[in-house]
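Participant: With chain A fixed as given, assemble chain B onto it according to the hints.
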Amino acid sequence: MKLTWRHAQVFFPLLGGGLSALVLLALGSLAYAVFTQRVQADVDEQLLTLAEAMASVIEFEGLDQLQAATLQEGIRLHQHTFHLAHHLALVLRQGRILVRTADVPETLGEAEVLRWLPPEGQPATVETKEGTEYRVLAVSVGQGSERATLLVLRPLLPLRRVERLQAEVLVGFGFAATLLVTLALALASRRALAPVSDIAATARRISGENLALRVPRVSGAAELTQLAEVINELLATLERSFAAQRQLAADAAHELKTPVAVIVAAAQEALGEARSPAVRQSLQAILEAASGLAQGIEDLVLLARAGAAPAERQPVALEEVLVEALMSVEPLARQRQVRIHLAELEDCELAAERTGLCRAFANLLRNAVQYSPEGSEVEVTASVGEETVTVEVADRGPGIPEAERERVFQRFVRLAPARHAYPQGSGLGLAIVREVVQAHGGQVSIHGR
Amino acid sequence: MSREDLFEQAWGEREQPMSNTIEVLVSRLRRKLREAGSAVTIEAVKGLGYRLR
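If you read the sequences in order, they're chains A and B.
When we follow the numbering used here, the leftmost residue of the first sequence carries the number 1, and every step to the right adds one.
When we follow the numbering used here, the leftmost residue of the second sequence carries the number 1, and every step to the right adds one.
Extracted from the complex, chain A is given alone in its bound form (with noise of 0.2 Å):
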């Protein structure tokens, strides 16, 4: 079976997974945003808190005696005393750098500073000409013209590794998640379908001729089921039907079978008296008409009982079967001066009902011989497989144009030549072989020359 979008078991994983992945997204986003947001109030935080103390250091310290190590110091003491982390700082007054921390880079000149310089006390994100991140705030120090502001500067770089490590497992676990749900559902699913290609196949299997089977119990989905449930008791409603049928089939024919067989003896008795010639004739039709009564009755009683309970199978042997069918129709083959000719076969034994099958076989030769132009021949071949017997009737006749070829297998099924040539037929017999050649596990068709 090719599976598409449309069957189930690939839809639903797939839903479920999209469904995830979107639901992932959306709470991974949020997650990574409330991380970034928190993170930077924090690290405004601690800017905020340092440029503060380091205020007050500057104001006692005083502008004009303000060394690099005293900077360097009071950040180092802050930092230790409130845990915060790495922080740069300098001091500018009048548009020049006055003092600054060793760890500010030499090329933070006044240029670069003045160039991103945020108002007093907004911290903000900046980025050098280096590239390098920072998140700066900036506090005013001193009085009149002693003004300086001091620059209080925390690298970023430490904090975007984390937040990209951070949308990276984000991302991973989201895309792990997805595939586990994409997979357990298809997993789920398929179990839970998997009963529905095992009744479709035990559906497929069943026909008028073994109602007899029922859907497999399914240990699937519990909607699943129920529905094999429901699709084996509708199984057993029409087996029912199906034998109350055939019964009343098997009776209606037992109940003709005496009449007619009293039509036919009375006939032929009336015919050994008869002198007219017209009376003659006319009971020569009735006998000929009673006769094909007769024989449309046994084909329907075999019939009925072809469908029923399997017959029990014995080994028969091929051959022997192939000639008493022969037999069967030797009469038929003499009045038509059509030649039967059965190819010398290999012994084969088959395990088969005995009866049915030279029934089948007598069908099939009569068949051939009725439609053979006269002093024609049948050929009936044989030849024995490893697990199968091909039986081939190859008659001279008209054939059987390729439309038909199927319908004449149907119960009642004549094609105009036919009735016309033997209107008293049944249009049993082929469907006699077919069942027969069915219930024995074969195929049967017709092939033109």
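Please keep in mind that the hints were generated in silico from the structure rather than gathered at the bench.
Among the hints, erroneous ones may be present.
[As the list claims (entries may be wrong)] Below, simulated EDC-like cross-link-like pairs (lysine to aspartate or glutamate); rule was C-alpha separation at most 16 Å, straight line:
#1 A:K257 to A:E320
#2 B:K32 to A:E110
#3 B:K32 to A:D347
#4 B:K32 to A:D103
#5 B:K32 to A:E319
#6 A:K129 to A:E112
#7 B:K32 to A:E298
#8 B:K46 to B:E4
#9 A:K129 to A:E110
#10 B:K32 to A:E344
#11 B:K32 to B:E43
Facilitator: Same frame as chain A, now just chain B:
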């Protein structure tokens, strides 16, 4: 034994059969005899019938 006699004995009909039933049955009988290692053989007599030997 002639084919007609054989046919009459077996199926109660005197007329020439329309099928090669007898040939098929005889060849089957021959094969069985051979398989059983029998010294008896069935010979065909042209235009007449069969002879046991």
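Participant: Indicate, hint by hint, whether the structure satisfies it.
Facilitator: To see whether the hints hold, each was checked on the structure:
no.	hint	in the structure
1	A:K257 to A:E320	violated, 29 Å
2	B:K32 to A:E110	violated, 121 Å
3	B:K32 to A:D347	holds, 10 Å
4	B:K32 to A:D103	violated, 114 Å
5	B:K32 to A:E319	holds, 13 Å
6	A:K129 to A:E112	holds, 8 Å
7	B:K32 to A:E298	violated, 36 Å
8	B:K46 to B:E4	holds, 13 Å
9	A:K129 to A:E110	holds, 13 Å
10	B:K32 to A:E344	holds, 14 Å
11	B:K32 to B:E43	holds, 15 Å
This entry does not satisfy hints 1, 2, 4 and 7, going by the numbered hints stated previously.
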